[in-house]
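Visitor: Given next are the chains, with one letter for each unit.
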Amino acid sequence: MSRALLALALALAPAVFGQAGGDPILGAMRDEMRRALGIQFDNLEKPYYIEYALDDARIFTALASAGGLISATPARFRAPSVQVRVGSYQFDNTNYIGSGFGQRSEMGAPLDDSYAVLRRYLWLATDNAYKSAVQTIARKRAALKNMTPTDAAPDFSAVKPLRRLEPVPVMAFDEALWTSRLRSLSAVAAANPSVTNSLLEVQAVRNVHYLATSEGAEVRSPEVLIYVRARASAQAPDGMLMRDAVVFHSLDLNAMPADAEMSRQIAAMSDNVAALLRAPIEEAYNGPVLFEAQAAAQLFAQVLGRNLALTRKPVVEQGRGGGFASSELEGRIGARILPEWMDVIDDPTQKEFRGRRLFGAYSVDMEGVEPSALTLVEKGVLKNFLLTRRPVKTYRASNGRARLPGSFGANSAGFGNLFVRASETVTEAALKAQMMEICKTREKPYGIVVRKLDFPSSASFDEARRILGQPGGSSQPLSLPLLVYRVFPDGREQLVRGARFKGLNARSLKDILAASDQSYVFEYLDNPAPFAIMGAGSSLSETAVIAPSLLIDDLELQKIEQEYPKLPVVPPPAAP
Amino acid sequence: MRVTALARCALLFPLSFSLYGQPVLETMANEMDRNFRVLREKADPAPYYLSYTITEEVTDTAAATLGTLTARHGGVNRYLDTTIRVGSRKLDNYHRVRGDRAHFTSGAPIAIDNTPLAIQRRLWLETDRTYRSAAERLINIRTNKQVKVAEEDDSDDFSVETAAVHRAPPPRHKFAGPEWESRLRRLSLEFAKFPEILSSQISVNAQTETKYMVSTEGARLEHGRGFARIVISAHAKAVDGMDLGTSDSFEAVDPSGLPPDDKIRAAILRVAEDLKGLLHAPVVEPFVGPAILSGHASGVFFHEIFGHRIEGHRQKDETEGQTFTKSVGQPVLPEFLSVLFDPTRRKIGTVDLNGWYDFDDEGVAARPVPLIENGILKTFLMSRSPIRNFAQSNGHGRRQPGQEVVSRQSNLLVESSRKVAETRLREMLVEEIRKQGKPYGFQIQRVTGGFTTTSRMGLQAFKVIPLVVYRVYPDGRPDELVRGADLVGTPLASFAKILATSDRVDVFNGYCGAESGNVPVSAASPAILVREIEIEKKAKSQDRPPLLPAPTETESSR
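Those sequence lines, one after another, are chains A and B. The opening residue of the first sequence carries number 4 in my numbering; numbering runs sequentially from there. The opening residue of the second sequence carries number 621 in my numbering; numbering runs sequentially from there.
Quick caveat, the hints were computed from the structure, so don't treat them as lab data. Check before you lean on any hint, since a few could be wrong.
What the hints assert, rightly or not - No more than 25 Å apart at the CA atoms, straight line, and that leaves these computed lysine-lysine pairs for DSS-like: (1) K49(A) with K857(B); (2) K946(B) with K768(B); (3) K1157(B) with K1058(B); (4) K134(A) with K857(B); (5) K998(B) with K936(B); (6) K883(B) with K896(B); (7) K813(B) with K896(B); (8) K857(B) with K813(B); (9) K1160(B) with K134(A); (10) K1158(B) with K134(A); (11) K662(B) with K569(A); (12) K505(A) with K447(A); (13) K435(A) with K447(A); (14) K1039(B) with K1117(B); (15) K1058(B) with K1158(B).
These numbers were taken from a predicted model, which means no experiment stands behind them.
From just these sequences and the hints, can you work out the full model?
Guide: In structure tokens form, the structure reads like this:
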């Protein structure tokens, strides 16, 4: 009897939320939020802002190596996060060393569309978040008692609430097909006998992102992403670990490159590793460097892109903490940072470039703000920064660039499609000729062309830590160059290895001598880790840099000083 | 019929694992021979032992709360553990250096396809990595031996055992996913009748584990078993902020052996009613006095205070408390108690035991080990790491993939010759309360687990965490449920105080976490009457219960 009754209640549940406004998830968020705004602890303040976000995701991940599948894992989860702000836009519980967001409930989030259970989840999570918010703001106030605040910026900026409910399309994905495709591609990577270690990975994300705020915003946006990542490595005779990687991405599950194209590029990756094993070491070089095609975009992504977001230092108790890395461009608005014939624009609204979908396009950021095209550098002069709803210094309003979760209760800013444009250009051939001309004048035996940087890095965490810890490195060292060639006056090229750039940072971009008339699109998945190291962190943002090849003067390459492990005693197993 | 079953399996896991390629064991043996031969010839120091273990886990998990699924996942994984011993049996890279434990293996993920090249590559890479750290540690040990005083126990580092050859793969993994999903949805709705419960969950987990092992001594093993488990849990918060939780679980080898709905429903109601009772129960005051530990509680009691102290490797580690190291042949428990560890025992009555296996993780065959006979300590739980007077393994070297083997417990079985009926045991408790002039005693009904420290640096103490505890009054008043109690004590003092046991054995199935990771174990014991136990207050959250009442659907917007 009771069983039948309960089953009936369950069957009726959809009808109930149906009346509440269509989407059961947004309905539950809206109804629970209305109630939650009245939450109050004794005489402490009520919330002034509540935000509910939820990712309804299906993620398929498979790994394979040398023709053998390592795992194929379909995962389905719903990850709600709850933010409660108490105080006011001017002063709240964030931007304090003890601030954190994304309170969870003690119960699991419902995978079924259950309005009632989701409300229950949000009720418990909001209660936790509110209790933590009132305690945090009290500690923040106490910390400020004995200090003169240096940053008078408000803690949060208001926005016009966005209501944008996109339809959720059918997002079909053939797991079995991709599993076997990955297995075959992994055999391609391992086919080169010089490559001793290789790994292939596919991930397909089908997500619907929901956002509701007490300001009235309601957002539902479907997000689809697929990538295939291939990595290969081997030890050179002197023990140095050589590696290369290739990544394919798409915002359309059905628009990945064909197998033949992926195979070709994966085989090329393994060939690169094999060639690097035999390449001589570049001991030292000082002079002009040509960053060709994607290498120029990789350079901009790191030395400019990462510095376009500002860091806000949190309130810290006296004598505690510190050492928050700040942007190299902080305080340089109005200063020239590039040649006057260069502009940089971030335009997430541009969906296509030369008939191909742009990877960094998005219509609404994590905070429910719609981005528009933003001129960051005009005629070489820094004009703007990438901003979120967390004010920094004198920058008060968001420009819709909240792309990754950040620290101390806020999100991090990042770009979408970064266009690096030059109004004075030359052909690729002329660019190289210009470099050789400089070499000739300075009596240098060769110039240097860089075709690929290790970014996002395929290094292991240990290796990345070693690179970061290299003596003489800056606080934000550039990732290692992977494909570096000496170019001799007769046009001959020679691959070299084992060198890194010294002192190459945002200031070096002023020394750009010339740009090519070709633009190249470099797509990558950004994350908050150094060198956006592959597989780090649980958050990713899709980005693209569109840039020409660039010639930069006076760069310094130096040999990486390091002890390398001996080669294995046992030779690698041969293919059967 | 068979085709359908396979097709469904293929749908859940779109893989063709184990379906093509040469047998894993063969690939492992070939690559082992190749690596060992070259290392013996060219490496210095040379290895004298190499083994590979691949643990294959096929898992399925589903969980639900209040009629909706909250988790559903599963998959196939294989993990590789590599053991290389360099030096000699007398002194090798695993030698314990004053508390510094060796850790070489990584539990690296390895191909689930039987593609030889994929498997060989990973075996080779891991052999190289493991060899490097093994050789490095041996050199350090040799230096350390020269500068430190001689060790008390100079036993060898690795025992000589017969290499086992045995192939008995476990039955294929079967899990009726959609059926379990709807069962869990339905069952989890039972909690909806208890508005005072803040969160609740019912989950099912099924796992089939296959272990493939080869060693240069000649071991060739392919064996495994299934695990299935239902866990019911509920959580609430008392007005004073104390977090309260109750739970129950069922274990079986195969999901089909898990209980039917009515039995699960009864357990859910018990978990919910217990929690409801706890919300209104008085908080305990610190207490010393007599108590009955149910078979369930007593199993955990023995596991913690006794089981962890008779693990062989602790007897030669000079940072360990070594409570029983020199007690072999002497009484350590009352003479009416015997303790047997029996990994070959699969059931007690109708209950599947969680701690059984055919071979341990060093490839040694499982066997029953009588640890205590009539109160006298006979031996220790042994892995292949010998200790003084015990040169051989008794099949208790265990680990979770990615960890190094140490001696661990299996199925702990407490046997008693002073048995009385449960009603009589209770009368004896009341008599004891009166005799000691105490206002009340305790009945520890259900426990969630416990922990203990065995290290000399720590306190030689244990804690058992009860979920359901009653105060028993000598004047005939009904038993009173109380909350916030932890059971604490020290091992040697506790054993002497066991007065009698009941005649009915209860089983606690669970997972034990220690140096070598989590391993499945059981503890089966009759209820015991203890002259004196100590109850202390549990640490408590300062957070209040939710400020707003639970949402109801009538509050929805329009």
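Visitor: Tell me if the straight-line CA distance from K1039(B) to K1117(B) falls inside 25 Å.
Guide: 16 Å, holds
Visitor: Holds or violated: K857(B) and K813(B), Cα atoms, limit 25 Å.
Guide: OK: K857(B) and K813(B) at ~17 Å, within 25 Å.
Visitor: Quickly compare the C-alpha distance for K662(B) and K569(A) to 25 Å and report which way the hint goes.
Guide: 14 Å, holds
Visitor: Could you grab the alpha-carbon distance between K435(A) and K447(A) and see if it respects the 25 Å cut-off?
Guide: Holds, at about 14 Å.
Visitor: With a cut-off of 25 Å on the C-alpha distance, tell me whether K505(A) and K447(A) pass.
Guide: 19 Å, holds
Visitor: For the pair supplied as a hint, K883(B) and K896(B), confirm whether the alpha-carbon distance does not exceed 25 Å.
Guide: 20 Å, holds
Visitor: Would the pair K1160(B) and K134(A) pass a check requiring their Cα atoms to be no farther apart than 25 Å?
Guide: 17 Å, holds
Visitor: Assess, step by step, whether the Cα of K813(B) is no farther than 25 Å from the Cα of K896(B), and give holds or violated.
Guide: 11 Å, holds
Visitor: Between K134(A) and K857(B), is the straight-line Cα distance small enough, at 25 Å or below?
Guide: Given that 25 Å is the threshold and the Cα spacing comes to 15 Å, the pair holds.
Visitor: Can the restraint linking K946(B) and K768(B) be considered satisfied, given a maximum Cα separation of 25 Å?
Guide: 23 Å, holds
Visitor: Would you check the hint for K1058(B) and K1158(B), treating anything up to 25 Å between C-alpha atoms as holding?
Guide: 22 Å, holds
Visitor: Are the Cα positions of K49(A) and K857(B) separated by 25 Å at most?
Guide: 23 Å, holds
Consistency with the previously given hints is maintained throughout, with no hint failing.
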